[in-house]
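J.: Chains A and B, in that order, are what the protein sequence lines are.
Mapping to the working numbering: the first sequence position 209 is 209, numbers consecutive.
Mapping to the working numbering: the second sequence position 180 is 1180, numbers consecutive.
One or more hints might be untrue.
Here are the simulated lysine-lysine pairs, DSS-like style, with alpha carbons at most 27 Å apart [said to hold, decoys possible]:
1. B:K1131 / A:K225
2. B:K1166 / B:K1212
3. B:K1225 / B:K1166
4. B:K1131 / A:K230
5. B:K1117 / B:K1131
6. B:K1225 / B:K1032
7. A:K197 / B:K1131
8. A:K230 / A:K182
9. B:K1231 / B:K1212
10. B:K1117 / B:K1225
11. B:K1057 / B:K1117
12. B:K1225 / B:K1206
13. B:K1131 / A:K182
14. B:K1119 / B:K1166
15. B:K1206 / A:K197
Keep in mind the hints are simulated off the structure, nothing from the lab.
Since this is a predicted model, take the numbers as computed values, not measurements.
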Amino acid sequence: MSAYFLGIDIGAAGSKAVILCGQKIVVSIVLPSGTNYATTASQVKTDALKQAGLKESDIIASAATGIGGRNAGVSSYHGVIICDARGVNLTFPSARTIIDIGGQGSQVITMDEAGRVINFNVSEICATGSARLLQVLARILQVNMDDIGPLSMKATNPSNFSTSCTVFLETEVITRISQGDKPEDILAGIHRSIADKISGMSRGVALEKDVVIIGGGALDIGLVKAIEDKLQVNALVPENPRIIAALGAAVMAQEQQQAR
Amino acid sequence: MLNEASKLYFAGIDIGSTMSKAVIVDAAGVMKAYVVGPTGAEHRRRANKVMEDVMQKACITLDEVAYIISTGYGRVNVPFADKQVTELTCHAKGVSALFPDVRTAIDIGGQDAKVLKIKNGRLTDFLTNDKCAAGTGRFLEVAAETLGLELNEMGRISLQTDTPVKINSLCTIFAQQEIIARLSEGQALPDILAGVYIAVTTRVVKLARQLKVEPPVVFTGGVAKNVGMVKAMQTVLAIPILVPEEPLITGALGAAILARDRAFQLVQDGTLQLKKKELSEAYIDFVEKNR
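Looking at chain A on its own, in the form it has when it is part of the complex:
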């Protein structure tokens, strides 16, 4: 009988579940978090089991993480920093630095070859350091979230902004639109603002290679490029960057089982 482990990450924007078997991801699920974390947690778990064709009793151990992870109805909880590190370590063993751009903030983490955290910095809860800024602007520019990255890559003259607050940026972006700035230039300018914020956060943390970018923000190729340019590194991005903390939680469940 195979040994299955479940990891659940209830983030500010998205909730994720991963079922791990050995070192392989069996299934992964991503849903919007909504306002009732307990309901969402049970939903991602049910969906994951269903998609994997498993019963609850097939899961040997579970662990949760994320802002709402304590409401996930799972007895074991681990911080996002540790889960990020474990999840990245399994995905890219060569990784030593993680930049996680989440739904309401971001974090920079350094770790060793075993995925143990060495140092980290977390942003305050601020829309600008998170993927939320892009969501707000996508609405103003009437662009789909998925199209932001490719569109921004066409920028020839990135816009400059005088503020970094998302609320003030909303107003400034509207002014720029009225002045004739192109959407791609506006987006590229915004990517630079976020990259500046991330770069400020990486001060005091030695950025060793390989650098991995995860979280919802990593889905935006334009943002990844802007961070690479700002930090002068080439970054690795997992195929599904949103599920890494959930994967890490599953790894933690596995580790604790083995330690028993």
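Once you've looked at the hints, dock chain B against the given chain A.
T.: Below, chain B alone, put in the same frame as chain A:
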């Protein structure tokens, strides 16, 4: 131009990010008239308009105004001003004129917040926030928009409760989401609104505490017009708060008084002649006080 004895009045124009204000004072520094209006996109036109309006209200003409100082975010766009002075200096002057003993002034405007430490009418220290919408009037505007309420209405409704809901998010964007979540949980509107005021106040008080909050504390700016904010400020600081009758005009008032001081300085330098009796007496008073 300045040596005409009929010039008995002095003006201060404050072009803020949201509101424009103008004040006229006489030679004794006493306010004769003030006006307040939205700034809009055209700063220059607005500056002309508030100046015209305030003169009309004071029943004077431009020929009777000896000196004009502009201040605020749009102060460079007041072409008829004799001098530009920063809002911090003007604000400290205006607040001290109304409350001579003031030690701490907290000003929350449409998109910034300032904390001033004042001693004997002089600015001794300050901190500002214009980087983040949290802790500014913008936070309240976003909340009002989210709830579909008028700003004044929001203040009144919030007074109905003493059990504010806790709004955890400092960031305006996330607080907006939190307000919606609290509503969907069935929390009472007055409790949510009171929570919104506490959230804004907490952010500004955090700034103020870096400079030590000493009484008397004066609360000004457009946001101080909101009864919900005044109550929240008293609650968070746990001391009585002084609020001017018109909390928007302290910067313009300070600018007008500084315009008078500046004009008298020119008199001392010999650039301005005095003939009228009331002006002479105010001038003698000024020289003696500043000796």
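J.: Please name the hints from earlier in the document that this structure breaks, with their numbers sorted from lowest to highest.
T.: Hints 11, 14 contradicted; others consistent.
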